[in-house]
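If you want the building blocks of each chain, they are given just below.
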Amino acid sequence: MLPLILAILTKGDGDLLVRLQRRDPQALAELYDRYGRMVFGLILRMVQDRGTAEDLVQETFLRVWNRVGGFDAEHGAVGPWLLAVARNRAIDYLRYRGRRPEAALELNESENPALFADLKSDPLRFDTVRQVKTALEKLPAPQREAIELAYFEGMSQTEIAERLRQPLGTVKSWMRRALLQMREELGGGVPA
Amino acid sequence: MTCDELRPDYVLYAMGVLEDPEKTELRAHLDRGCETCVAGIREAREFSSSVGASADGPEPSRQLRNRVLAVAGTVSQPNWHWRTAWQAAAVVALLAIGVIVYQNQETTAAIAEARQQLKQSNLEAASLRSALALLQTPETREVTFGQGAPAPPRGRIFFNPASILLIASNLPAPPAGKAYEMWIIRGGRPTPAGLFASTAQGTALHVYTPTDFVLATDTVAVTLEIAAGVDAPTSTPVIAVQL
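Residue numbers (numbering that gives the first Met the number 0), protein chains in the order written: chain A, 0 to 191; chain B, 0 to 242.
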């Protein structure tokens, strides 16, 4: 048991990606063991229903399994890609459930595997994620809510302004200030 | 629009929620290979991923793993929690000992071996529990080592004010009579930080809880020493990581 756990903890994603592309069933199991809880946590945060979240997790992994052939195994970061696919599945669901228009958002484009090559750092690192979470929690409530509506509900600034009943300019100002504060909090790493 | 004017929109673009006219402007920069905007969007994408990963929540059901694997046409396997797995392993080992004693068909050596295995399992379980506790501590930070070298030991060190966790791969099993010894180095002075061995697969996990403050440590190193351990390193470190 220990060697298996250590193997999962120490191997990089490159080897896993190669085996996924070879349609190795065990690789899919490892992918789930590595990222399943993270994907479930994100989707549950977005849709707020366990049953729906599990359906969407299943859909996410199936989509990745079917599209992994187009991924750059040497330079790609499968974890961030998986999260992007998961987020898009959840946003699709929220839009369908809320009868919100699809709008001109770039969701499908945002999960293009090519966008997840050559990332300079690992954004899913333990301490990086914790720092981002802490920085988010420190934001004033309206600013945090605007950022969360954009990320966790896939809302444009126009939609956020409508939801919060604020002028569009105010929402844009909140979000800009939020990103600046997070940049200061994190010592860079946030374009603002 | 200039890159500076577009910079605040990088994160919204990476999240897929940027609207016109900024979206069209930014896309034009990207289409012509604007290095500033390409780098900014990459950074924004990393940030966006971190936001997504920050949404932690409860465990999914155990059936979900099987559902995921089944849909992909793969063989389903039970998703054991580590603790459960170790408890089960301990129960199996105890039962094995009981059967051996009851039937009186095995030698004392076999019983001793089973006991040794159980002891080893318990030690490993304790080590894993310590590792999990450390990983769940908010102050824990992480350093990666060995990336990029041809065939190095590589892995990660997690540390917080109370503990240090080393997880390594590509670390050959020590020869008979030898063990790996971890050192914490402060101001150039090494202090022993425990003995450990790697598995046949070259993986290792070692947790050290010092009596004083971890964050005063400059460097964590690992050397190959005699199995009983030594007071000061006698060989070149196989791992040396600055914290």
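Hints listed in this document are in silico derivations from the structure and should not be mistaken for laboratory results.
A few of these clues could be false.
[Said to hold, decoys possible] 20 Å max Cα-Cα, derived EDC-like pairs, lysine to aspartate or glutamate:
#1 A:LYS132 x B:GLU58
#2 A:LYS137 x A:GLU147
#3 A:LYS171 x B:GLU21
#4 B:LYS22 x A:GLU158
#5 A:LYS171 x B:GLU24
#6 A:LYS171 x B:GLU141
#7 A:LYS171 x A:GLU147
#8 A:LYS132 x B:ASP55
#9 A:LYS132 x B:GLU24
[Claimed, not checked] Covered stretches of chain B, going by a simulated chain A footprint (3 or more residues, C-beta under 8 Å):
#10 14-25
#11 181-188
Ideal placement from N, C-alpha and C gives every residue a C-beta, glycine not left out.
The hints, checked one at a time:
Between LYS132 (chain A) and GLU58 (chain B), the direct Cα distance comes to roughly 19 Å. Compliance with the 20 Å bound is thereby established for this hinted pair. As the CA atoms of LYS137 (chain A) and GLU147 (chain A) are separated by approximately 13 Å, the hinted pair is consistent with the 20 Å bound. This hinted pair checks out: LYS171 (chain A) and GLU21 (chain B) have alpha carbons roughly 12 Å apart, not beyond 20 Å. Between LYS22 (chain B) and GLU158 (chain A) the CA atoms are separated by roughly 16 Å; this keeps the pair inside 20 Å, and the hint holds.
For the given pair, LYS171 (chain A) sits about 17 Å from GLU24 (chain B) by alpha-carbon distance, which is consistent with the 20 Å threshold. Distance hint between LYS171 (chain A) and GLU141 (chain B) is unfulfilled; the C-alpha atoms sit about 35 Å from each other, more than 20 Å. At most 20 Å may separate the alpha-carbon atoms for a hinted pair to count; LYS171 (chain A) and GLU147 (chain A) meet this at roughly 14 Å. With a C-alpha separation of about 10 Å, the suggested pair LYS132 (chain A) and ASP55 (chain B) falls inside the 20 Å cut-off, and the hint holds.
A distance of roughly 30 Å separates the Cα atoms of LYS132 (chain A) and GLU24 (chain B); the hinted pair therefore is violated under the 20 Å criterion. Given a C-beta distance limit of less than 8 Å, the hint that chain A covers the region 14-25 of chain B holds, as 7 residues qualify and 3 suffice. Look at the region 181-188 of chain B against chain A: 0 of its residues bring a Cβ nearer than 8 Å to a Cβ of that chain, fewer than three, so the hint is violated.
Going through the hint list in order, the structure does not satisfy hints 6, 9 and 11.
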